[in-house]
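A.B. asks: Taken in order, these protein sequences are the chains called A and B. Residue numbering for the first sequence follows the working numbering, beginning at 1122 and increasing consecutively. Residue numbering for the second sequence follows the working numbering, beginning at 1122 and increasing consecutively.
Some clues are possibly wrong.
One copy or two, it doesn't matter: identical chains are merged, so the pair holds either way.
[Said to hold, decoys possible] Mimicking DSS-like on lysine-lysine, the simulated pairs with C-alpha atoms at most 27 Å apart in a straight line are:
id, residue 1, residue 2
1, Lys1541, Lys1198
2, Lys1232, Lys1453
3, Lys1232, Lys1451
4, Lys1553, Lys1451
5, Lys1245, Lys1142
If you're looking for bench data, these hints aren't it; they were derived computationally from the structure.
There are 2 protein chains.
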Amino acid sequence: MLTLDNRLKEPLYLQVYRQIKEMICQGDLGQDYKLPSTRMLARTLSVGRNTVETAYLQLCSEGYVESKTGSGFYVNKLENLSNNPKSIPAISTSKSQLIEKDHRYNFQYGKLNNNDFPYKLWRKCINSILATPEAALMTAYNDKQGEIDLRFEIMKYLNQSRGVTCVPAQIVICAGTQQCLMLLSQLFREFSLEIAFEEPAYDGAREVFVNSGYNILPIQVKNDGLNLRQLETSKAKIAYLTPSHQFPSGALMPITKRHKLVNWAIQNNGIIIEDDYDSELRYNFRPVPAIQSLDKTGQVIYIGTFSKTLAPALRLSYLVLPLPWLAVFKHKFSNYNNSVPWLEQKALAQFMQNGQWERHLRKFSLIQKRKHDKMLETLHLLFGNRVRIHGANAGLHILLEFVDKDEATLINQADAQGIKVYPVSKYWFSPKNYENNMILLGYSSLTEQEIVDGLTLLKSAWFNEETRGRT
Amino acid sequence: MLTLDNRLKEPLYLQVYRQIKEMICQGDLGQDYKLPSTRMLARTLSVGRNTVETAYLQLCSEGYVESKTGSGFYVNKLENLSNNPKSIPAISTSKSQLIEKDHRYNFQYGKLNNNDFPYKLWRKCINSILATPEAALMTAYNDKQGEIDLRFEIMKYLNQSRGVTCVPAQIVICAGTQQCLMLLSQLFREFSLEIAFEEPAYDGAREVFVNSGYNILPIQVKNDGLNLRQLETSKAKIAYLTPSHQFPSGALMPITKRHKLVNWAIQNNGIIIEDDYDSELRYNFRPVPAIQSLDKTGQVIYIGTFSKTLAPALRLSYLVLPLPWLAVFKHKFSNYNNSVPWLEQKALAQFMQNGQWERHLRKFSLIQKRKHDKMLETLHLLFGNRVRIHGANAGLHILLEFVDKDEATLINQADAQGIKVYPVSKYWFSPKNYENNMILLGYSSLTEQEIVDGLTLLKSAWFNEETRGRT
Chain A
1122 MLTLDNRLKE
1132 PLYLQVYRQI
1142 KEMICQGDLG
1152 QDYKLPSTRM
1162 LARTLSVGRN
1172 TVETAYLQLC
1182 SEGYVESKTG
1192 SGFYVNKLEN
1202 LSNNPKSIPA
1212 ISTSKSQLIE
1222 KDHRYNFQYG
1232 KLNNNDFPYK
1242 LWRKCINSIL
1252 ATPEAALMTA
1262 YNDKQGEIDL
1272 RFEIMKYLNQ
1282 SRGVTCVPAQ
1292 IVICAGTQQC
1302 LMLLSQLFRE
1312 FSLEIAFEEP
1322 AYDGAREVFV
1332 NSGYNILPIQ
1342 VKNDGLNLRQ
1352 LETSKAKIAY
1362 LTPSHQFPSG
1372 ALMPITKRHK
1382 LVNWAIQNNG
1392 IIIEDDYDSE
1402 LRYNFRPVPA
1412 IQSLDKTGQV
1422 IYIGTFSKTL
1432 APALRLSYLV
1442 LPLPWLAVFK
1452 HKFSNYNNSV
1462 PWLEQKALAQ
1472 FMQNGQWERH
1482 LRKFSLIQKR
1492 KHDKMLETLH
1502 LLFGNRVRIH
1512 GANAGLHILL
1522 EFVDKDEATL
1532 INQADAQGIK
1542 VYPVSKYWFS
1552 PKNYENNMIL
1562 LGYSSLTEQE
1572 IVDGLTLLKS
1582 AWFNEETRGR
1592 T
Chain B
1122 MLTLDNRLKE
1132 PLYLQVYRQI
1142 KEMICQGDLG
1152 QDYKLPSTRM
1162 LARTLSVGRN
1172 TVETAYLQLC
1182 SEGYVESKTG
1192 SGFYVNKLEN
1202 LSNNPKSIPA
1212 ISTSKSQLIE
1222 KDHRYNFQYG
1232 KLNNNDFPYK
1242 LWRKCINSIL
1252 ATPEAALMTA
1262 YNDKQGEIDL
1272 RFEIMKYLNQ
1282 SRGVTCVPAQ
1292 IVICAGTQQC
1302 LMLLSQLFRE
1312 FSLEIAFEEP
1322 AYDGAREVFV
1332 NSGYNILPIQ
1342 VKNDGLNLRQ
1352 LETSKAKIAY
1362 LTPSHQFPSG
1372 ALMPITKRHK
1382 LVNWAIQNNG
1392 IIIEDDYDSE
1402 LRYNFRPVPA
1412 IQSLDKTGQV
1422 IYIGTFSKTL
1432 APALRLSYLV
1442 LPLPWLAVFK
1452 HKFSNYNNSV
1462 PWLEQKALAQ
1472 FMQNGQWERH
1482 LRKFSLIQKR
1492 KHDKMLETLH
1502 LLFGNRVRIH
1512 GANAGLHILL
1522 EFVDKDEATL
1532 INQADAQGIK
1542 VYPVSKYWFS
1552 PKNYENNMIL
1562 LGYSSLTEQE
1572 IVDGLTLLKS
1582 AWFNEETRGR
1592 T
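Let the sequences and hints guide you as you build the complete structure.
C.D. replies: Written out as structure tokens, the structure is:
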């Protein structure tokens, strides 16, 4: 039964809500189970009826239970959660996350390993910023484009690491890549409402433009990136790209093609949005310079993020605008306040000024390279030529392509062994462009040993062989 | 001349940039002054040429200097900064801020007083969160609607203080009010592209919808808020309002009119966006319940913020969505990551759970009430019936209306005495609706004594009387 603890910081209704939710998710309370009345449960737990009601309403609004007028609260059928138009699944913790058991190994993309964030240094930076007289700026609306010292540091870093040429005035600090794109979707509204996207592409980027009323023109991705011919014959004047490690396919666009792409932009008065989301992470080969570095006419918008290399929970990304668009930006957004907390911006600026960012990045990349190498080595050893690997040598994920297995089967077979692997289908704009034979594996949250153990189990899951004893 | 200090954390190019900018702003380097060549200055300062070039380019992109090809860098005429199409004034620190001398008294709206932020408690919250095992979530993308404990605390608070009824599932944590509105502008795109705005209204809110392609329908504001008749005869299905302290006029919408407004929404299947931006700050009278609290059919979107009561630099606001729109929200934004840093959300949740928020708010409101009362008392004493005061008894600002003075004159006369007061004109969508005879005074950043001293100087500035000795 429910047990409440007054000494916990967690409010009582949150305790009630959490415990009932867990019971539902674990199947302890089955479909159509009638919850005790709010009056009764309140009396049993010695809490106010409000406490119970709040918990029930939250469960209702997330679709776990249903309120039948005059009769009470009943547990919903969980499998129907997303199909039931009346219920509203929590986008917070998604349905699948809630219902699934914990996995033994989770090849999640985007999550970093807890050991990789420099907690001590970060706390030091925050405390030292809060101790300066400048901390008075906490009580003000600050620089609309972001703190100038952070922009200077990003400029230096981009110039050294990516060949990006800019001044701080061209940089806008944003609360994540999607917020960069929200601003761009407003910036380009009068210019064009059609945008070319790689097919497949990061769905979260595409949806920002869909939700802003843009028409999406999917352009096929080849081994060397975007199909340029197809872009040229499209009506697009704006193209969103991940040229250095195409997401999710992992394709790398070579330098010659980058030049051609810039020429396309010049000839069509077009715009290239270059999302260089994991550019810091290149293993075993030299990085190709950013397209922005080839652009002399101001046609490339560059986007970077600290989510893949420092911490996604910081919500810190940036735009680099070419001068012609900077003028439009300033005109349109002169009244927009910056979205990133001042304290966080200053902490990051200090982290970069102290040389801590450089050291962190060197160490972090090395750790990721080791994981990447271990992943590849183990895949070759265990799977041989039964799978094709896409997107190696960079970033934090790879794709596995299969000859005779479909995505859903692969995910289910892995799940049965307690391994979580991820679908690729959602990255396609048109499902017909996808052969439905791939899965995505992220490795940044796992240790090297976990990667080996997880892949070993996957082999047994997919190819039905007992290999656990042998590795 | 320039002096650089290697021991400072500030990068060298930033030191060069800042010092030249200051010299230009202070008039030490006049129009058409030719800056030393990058080679020469680099040699003089014993720094790399890159350092100087970066500083010059930044000054260029902000419009302080101009590069004449082959000839060098020249100081621009500052007054022309915003008229010169080639120059790009920094939106960061706006032109006026840069050129103006420091004011003796600044009646800025939005800035709080440094003494009002609980620095120590905030640092404690952050450090204690970073010390918990839960801090591992720094390396993850977290709850898309915001941290559940923060949403619970906001729910409790809203219910107690504003009569707002909701569950945490209806709350979305956002990075400032404008980010709330960015999401809403995407949410309502298929529903209607016309939106009624109070006239005058917060320009930063209106611009989000303008930039999203909405058609703005300005609705006159009367002493009791929005002109309901005008709203009814407009084509609007969406209305953005600040009913509890209309910005900037300060009008308060009474309860009966709130009921009528809800009826308008019901009859027209309309949406009310209720921006309750400073609802915590009510002096000398009981607050009127939020419109959201009267809404039984799910037609009110409620927006709140921590900018006016805790710190604008936190960039923390929230949406409360009615259930029907929550479903659409979840559908459209299922892939949108939350924009507010995890650490900040958790710190605020802890601050609220500990009862510190309640204590802070009680103290903060009392301080603001004292300032407000001092402001009103002094105004009555010094200005008698030569000005009309709008928007008293709430918030952090008032408007002064004059019989025979126009806005520009008022601002210039104040400026001549070293006092900064603010224009109201920009809040009107159609300039013809404004009689051009008001100014805005914010008082939250000043002390009570500064308020008295500033107003005394203002009297002498506006009515040309020497009153300084007399108060």
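A.B. asks: Now, for every hint given, state plainly whether the structure supports it.
C.D. replies: Verification of the hints:
1. Lys1541 / Lys1198: within (23 Å within a copy, 63 Å between copies)
2. Lys1232 / Lys1453: Close across copies (23 Å), not inside one copy (35 Å); limit 27 Å.
3. Lys1232 / Lys1451: between (34 Å within a copy, 22 Å between copies)
4. Lys1553 / Lys1451: between (41 Å within a copy, 26 Å between copies)
5. Lys1245 / Lys1142: Cα proximity of Lys1245 and Lys1142: none, with 38 Å in one copy and 31 Å across.
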